[in-house]
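Student: Chains as they are written, first to last, in the working numbering: chain A, 1 to 299; chain B, 1 to 275.
In silico DMTMM-like links for lysine to aspartate or glutamate, alpha-carbon gap of 20 angstroms or less:
#1 B:Lys155 x B:Glu145
#2 A:Lys180 x B:Asp74
#3 A:Lys212 x A:Glu280
#4 B:Lys71 x A:Glu186
#5 B:Lys240 x B:Glu274
#6 B:Lys260 x A:Glu209
#7 B:Lys153 x B:Glu219
#8 B:Lys232 x A:Asp274
#9 B:Lys110 x A:Glu17
#10 B:Lys260 x A:Glu215
#11 B:Lys262 x A:Asp216
#12 A:Lys180 x B:Asp38
#13 A:Lys284 x A:Glu256
#14 B:Lys260 x B:Asp234
#15 B:Lys9 x A:Glu15
#16 A:Lys284 x A:Asp259
#17 A:Lys212 x B:Glu41
#18 B:Lys71 x A:Glu176
#19 B:Lys71 x A:Asp177
#20 A:Lys180 x B:Asp75
#21 B:Lys110 x A:Asp61
#22 B:Lys262 x A:Asp221
#23 A:Lys75 x A:Glu101
#24 B:Lys262 x A:Glu209
#25 B:Lys110 x A:Glu60
#26 B:Lys71 x A:Asp147
#27 B:Lys260 x A:Asp216
#28 B:Lys9 x A:Asp147
#29 B:Lys262 x A:Glu215
#30 B:Lys62 x B:Asp21
#31 A:Lys212 x B:Asp266
#32 A:Lys284 x B:Glu41
#33 B:Lys226 x B:Glu249
#34 B:Lys9 x B:Asp105
#35 B:Lys9 x A:Glu17
#36 A:Lys75 x A:Asp112
#37 B:Lys153 x B:Glu274
#38 B:Lys146 x B:Asp205
Keep in mind the hints are simulated off the structure, nothing from the lab.
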Amino acid sequence: MHRLQEFAVGTIVPEWERVTRTAEPVDESERAMMALLIIESFLWLHLGVELGAFPRNASEDVFSFYYATTFRWLKSYDDRRPRSQRQPPFLDSAAYLGLPEFARALVRMSLDGGNPLYERPSGVGERPALVAPFQSLLILYSRLCRDTAARRFLFGIGFQNADDWRTQWSQPCTTEDLFKTFLSAEGSPAAMILLGYTRLSEYARNVNEVLKNIEDLGILDSARLFQFKDRIRNIHAWRLNLSSGDTAQRFDQVREQVDRLMDEALTPLAPEDDVKRVHELLAKSLELLFDSQPVLEPA
Amino acid sequence: MGRYYSWFKTPNIDSFALLSDDPDVAGAIVFVHGFLGDPHETWYAFQDLVISHPTAATYWNKRDLFFFTYKSFDDGIETSARSLLRFLNLIFPSPPANILSILDDVHAPKSLASLDSPARAYRQLVLVGHSEGGLVIRKAVVIGEKEANPISKAKLVLFAPAISGVNPAGFYGMLMASPANWIALVSLGRSFAYRDMNSSRFLTDVTNDTLDARNIHPEHTALWAKVIFGSKEDVVEPVKWPGDNQVAEEVGKNHLSVCKPKRGYDRPITHITES
Numbered sequence: 001m002h003r004l005q006e007f008a009v010g011t012i013v014p015e016w017e018r019v020t021r022t023a024e025p026v027d028e029s030e031r032a033m034m035a036l037l038i039i040e041s042f043l044w045l046h047l048g049v050e051l052g053a054f055p056r057n058a059s060e061d062v063f064s065f066y067y068a069t070t071f072r073w074l075k076s077y078d079d080r081r082p083r084s085q086r087q088p089p090f091l092d093s094a095a096y097l098g099l100p101e102f103a104r105a106l107v108r109m110s111l112d113g114g115n116p117l118y119e120r121p122s123g124v125g126e127r128p129a130l131v132a133p134f135q136s137l138l139i140l141y142s143r144l145c146r147d148t149a150a151r152r153f154l155f156g157i158g159f160q161n162a163d164d165w166r167t168q169w170s171q172p173c174t175t176e177d178l179f180k181t182f183l184s185a186e187g188s189p190a191a192m193i194l195l196g197y198t199r200l201s202e203y204a205r206n207v208n209e210v211l212k213n214i215e216d217l218g219i220l221d222s223a224r225l226f227q228f229k230d231r232i233r234n235i236h237a238w239r240l241n242l243s244s245g246d247t248a249q250r251f252d253q254v255r256e257q258v259d260r261l262m263d264e265a266l267t268p269l270a271p272e273d274d275v276k277r278v279h280e281l282l283a284k285s286l287e288l289l290f291d292s293q294p295v296l297e298p299a
Numbered sequence: 001m002g003r004y005y006s007w008f009k010t011p012n013i014d015s016f017a018l019l020s021d022d023p024d025v026a027g028a029i030v031f032v033h034g035f036l037g038d039p040h041e042t043w044y045a046f047q048d049l050v051i052s053h054p055t056a057a058t059y060w061n062k063r064d065l066f067f068f069t070y071k072s073f074d075d076g077i078e079t080s081a082r083s084l085l086r087f088l089n090l091i092f093p094s095p096p097a098n099i100l101s102i103l104d105d106v107h108a109p110k111s112l113a114s115l116d117s118p119a120r121a122y123r124q125l126v127l128v129g130h131s132e133g134g135l136v137i138r139k140a141v142v143i144g145e146k147e148a149n150p151i152s153k154a155k156l157v158l159f160a161p162a163i164s165g166v167n168p169a170g171f172y173g174m175l176m177a178s179p180a181n182w183i184a185l186v187s188l189g190r191s192f193a194y195r196d197m198n199s200s201r202f203l204t205d206v207t208n209d210t211l212d213a214r215n216i217h218p219e220h221t222a223l224w225a226k227v228i229f230g231s232k233e234d235v236v237e238p239v240k241w242p243g244d245n246q247v248a249e250e251v252g253k254n255h256l257s258v259c260k261p262k263r264g265y266d267r268p269i270t271h272i273t274e275s
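Only chain B is shown next, with the shape it has when bound in the complex (with noise of 0.2 angstroms):
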């Protein structure tokens, strides 16, 4: 079975999608990654293992994998949430057919219209997030509970997510590591997405309309959530919400290590087709 890759275009632009070429693909995985992350750094590992994983044939040649991308450092959670929700309206529980084939007004020679992958219609909906990636799922399935969308019946499974506050000596520690990422450590304070996770009031309300929402809708998936963290976690507080699904941390990773799976270390992927 093959994959193939779509961009997304505007205003989604730097989000893609990875398409399964099996006629029964049922599902939807999204990622979203975490704090001037990107799609392809935080999640590339996912993209080279799971073709080879034993579990393909049975669950991940039957889903596509979307990789949505969004201002993780200038615009707050609740931006960044209903930028997903938009997101996942767009593609649950059809994606749109410019990233399945090849339009008419593009310049391309017609045997390239053999290709085009056929239309879909998704049963399934899993989310994965890291780090703010995690806090912005949570907040998005909230505003979900008081706006329709798919993302109510979803399933969470969220990786070192930043739903209990930040470690600032962690976090500079996180950003000092990426070629780029350094040119925003001096303007941090600027960021409202830092705000947001700094934000014991913030992450309070979160907590507690997840909480409420709980007593009202015990039927929507999505708002219990498969939490893990590494044991050598220091940029977020590694603190699960009550009656989320209690993991046992993954000794020896750190931030950015647990989510990325390796040879020798397939959890993540086993995280998701267990979820």
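Looking at chain A on its own, in the form it has when it is part of the complex (with noise of 0.2 angstroms):
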């Protein structure tokens, strides 16, 4: 399948059948972190599109068949909320605010029916030799998308409302329950929360490989080399907005109990500075990936 293929069919359509295919969701909360999911996959579409690794005509298509809804979706839920609910509108969220500027304007553009493909480009442009890496990070990007413990960890700390949260989290988690759940992907609330943050912690390891490969192999001159890793940052950075007071309270404690676990299960196995390596290693993928930097806009 020829990689726009899997990419419509392996991350597209899970996120737009639930968006379309669901008549209400019974969480406001999940809704919004829907649609960050699918701003999110229109981002590398987007992005792809500029480096040459989707073709264009079928790229708009893919926009036209399932983005256009999506976004006529967005706009229609968001235009009959009423303003005296609790929560805010999607666009007037801090979860949609928290997206770059960049984000935002093509979401604008979107909503009011345009065709935002070729507007706002990262400023890279064209890359033949990029095709791969970018196939490379589409990749991990897409069993990103499929894991349910990365998920569930990016609802909870990012969108769960305060009492669902304290209660879930307030569940106890012990070593064994979380090697359960890593086996069987399927586990407490809690648990796969802190399995989540472990595959996302993963994850950022792996997109920060292929980012230093990518500047390792010279494919990009440095100017495009920042302007390409802002924008694949730029892609994720509203899955770990720390500048979120709730999001960043609910980090530490993750955090906390993933590190008390660690020291747990594995003082007794390794000495104390390789335990200490593992923490470092943990918490430095998540820093090198999800740091916030200053956006770069193309001129």
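Please dock the two separately framed chains into a single complex, following the hints provided.
Tutor: See below:
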């Protein structure tokens, strides 16, 4: 299958079906996350078109077929919501406003019925040599989208309402619970969140490695490399938006719990320095990918 | 030339293919990762580097790459070997239609169908294994001697294979080098794969079955392997089997880096093209 076909079938369609076939999702917070997941996949399509990894005509059809519908859903969903409700409409929400400026501009264009595929590019331009590493990133991303633990973590720290979070997070989770969840990808909400944290860290490490590889291969000059890395980081940034107080607090709770379980499990087995290295590895992977960077907009 | 990715459906849900768009594609290369590894982490450097390698036009463009995954912690080696054999039967000599084209039951714009990849018929098969993946391949080869399977005519390239036992201290160190795999460390004793890799009886059986089969079917190329260890190997025992292609160790490479090509180290690529 062409990479655009696989991207459409394997990554866009599952989210698109959740939106178009779910009559009325129970949880408004989950709806906000679904909207951001769709926007995120659109940003990958947008970048792939710019780099020449996705053919233009077929990508335009993909945009019209899937995204035009979902952006219409987003618009009507927003229009319908009374302002008096406890949570703000999606376009006024902190989650949406946390997206980088270029992404919000593209969403606005889409909501107005336009075709934003060629607007606000990263500045890297068409780069045949970058297609293979871009595809490697796409493979990682598509797997992340399927990862139920990573999704549960994302929902928990960024979208779940405070009462539900407190109730679920207060449930105990042992190393054994985490291990069982690790093997089966099923478990209590707390175990799934903890596993999701390690999975996101693993994803971040793999992405960082691909980005480092691009740098080592000298595919791009330093300005273009910066633009590329910046765009990749900005596509992901909403997943760990620590400028939101609630998210930062929950993220710290998860990190502390993982650290505690890790100490409990590894201290009897390995020297202190080795255990320290695992802690650092986990934290550093996320820091490298998600640290807020200044957004470099093309001239 | 381009290369496209396709995920497999259940039961091979985390396996994927990188398909060449060369009309003369003639072979399949199947990569098998190691203990708690995953196809991307272990092999991604191949994906990025084979396209620009000097052998791209003559070798890599003519081959599709398959990244097989399996339950490398829970399942014993024989179970994983049988799973690999089923996967090989699925893709060889022709891969399934659903990884080449969009099927009719998928909601997709019609224009996407114009991007479908043509059907292919492979004539050659290469199996590339790392660590536990090397042992899984060797077990699959001896099972394949008793059951019809394309594996017997395959060529084998094994990086740091766990075919002669593991070094527990190094094994612990390897698991601690991953953000998620440390979770399994405390429960290593519950892994059937780890049990088999540590069982001298199991390893001896696979070795003897291979050596016996060589006497009966010396024409079966899969009974011999090209085996490559790094000089800093400390996770598995770097011991080759008699009769295998005795390749010199890769100086300065360890258990993980020996199979990862990068700028200035393209030996993992040439080990395959010269197999």
